[in-house]
Amino acid sequence: MNKKVITEGPDLSAHQGQVDVKRIRDAGCRCIGLRAGYGKNNVDERYVVNAQACCNLDVDVVLYWFSYAYTVEMAEQEADYAIAQAAKYWSTCPIAFDFEYDSVNYARKHGVAVTKRLCTDMTVAFLRRVRDAGYVPVVYANRDYLQNYFDMPEITKALEKVYVWYARYISVLPEDEADAADIWQFTSGGKLAGVHGKVDLNRFYTDFSGSTIRKEQEAQKNLNILDFQIAANEDGIRDQNGARLQEDGLDGPKTRYVRKQIRLRAKMSGGQYIVGSSGQVVRWWQRRCNEILGHHQNTDGLYGQTARKETLALQRKLGLKADGIAGYDSIQAAFYH
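All residue numbers for the sequence shown refer to the working numbering, where the first residue is 118 and numbers rise by one.
The reader is advised that the hints may include incorrect statements.
[To be verified] Derived DSS-like pairs (lysine-lysine); straight-line CA-CA distance at most 25 Å:
| id | residue 1 | residue 2 |
| --- | --- | --- |
| 1 | Lys338 | Lys371 |
| 2 | Lys384 | Lys338 |
| 3 | Lys332 | Lys384 |
| 4 | Lys157 | Lys233 |
The hints are simulated quantities; they were obtained by calculation from the structure and are not laboratory data.
It should be emphasised that the depicted structure is a prediction, and the values quoted were computed from it without experimental measurement.
Let the sequences and hints guide you as you build the complete structure.
Dropping the structure here:
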């Protein structure tokens with residue numbers, strides 16, 4: 118198979134738990150699949166955190182909505198749910214209709230046998246809604262479903278253009294199948310920096326960078342970054358121009374410059390650690406440690422023995438260098454967890 122791979126990337130949902138999107142991006146993944154939700158407006162529990170991280174780190178996305186529809190009307194409603202989640206962060210991006218064996222079993226429990234006709238009609242209804250809202254229509258399917266549930270010529274005719282996210286877990290994809298795939302999900306047992314345990318991995322043959330456009334609005338703000346900016350301003354830490362940070366919730370060049378100036382640490386005195394750094398950024402860091410670790414250290418703005426111990430615990434949890442110092446990388450990791 119000679120089809121060019123533009124990038125590789127995982128698809129993420131609540132099943133992966135807490136992930137580090139920065140480490141995923143730094144591993145070379147320029148596009149990530151995100152489950153926005155499933156069924157009747159059930160938003161994925163990790164969607165907001167993962168979507169914010171992708172926005173702030175300029176990672177392209179393909180969103181998907183796992184379907185439990187068994188009527189055309191239900192499929193249209195699911196499309197509206199998916200679009201609503203996409204619109205919080207992107208003015209346009211790919212959105213996939215994800216209809217699988219669990220979808221068919223759910224329909225059967227409700228007295229509906231999903232035929233190829235019904236599946237095709239629901240797919241067209243979902244993706245037409247996606248297209249008409251200004252987003253990019255994608256079908257997620259495996260080999261069985263492409264043959265027995267999705268009438269792709271009819272779907273393509275109805276939509277003019279639809280992309281295929283193809284799941285088949287083999288080492289080499291046959292040429293005819295590769296020709297039909299825009300994304301190939303090639304394993305469910307992948308290993309990737311920033312993800313604990315196994316994860317689905319994909320090869321992207323289509324460049325979606327021009328189809329993933331961030332929405333510049335308040336909803337895009339990362340509140341962890343915003344709180345950090347407020348704390349840094351209160352502590353008198355200034356950017357490279359000697360100015361206060363703009364409190365915009367975005368990890369831009371000036372915020373990154375300020376992060377480089379910060380190294381929160383305890384002092385060693387008489388063989389034990391005592392208070393070193395202090396201030397509002399320390400207080401912010403203590404709060405983030407508590408939120409990420411589920412602990413209850415006092416958020417007093419004093420970086421002593423306890424703060425150092427909690428920092429070490431956080432660094433180990435997130436796979437960072439465990440040195441007990443909250444610097445550039447540790448602070449960035451705390452932005453997105």
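Outcome of the hint check:
no.	hint	result
1	Lys338 to Lys371	holds (16 Å)
2	Lys384 to Lys338	violated (34 Å)
3	Lys332 to Lys384	violated (44 Å)
4	Lys157 to Lys233	holds (22 Å)
In this structure, the earlier hints numbered 2, 3 are contradicted, and the remaining ones agree with it.
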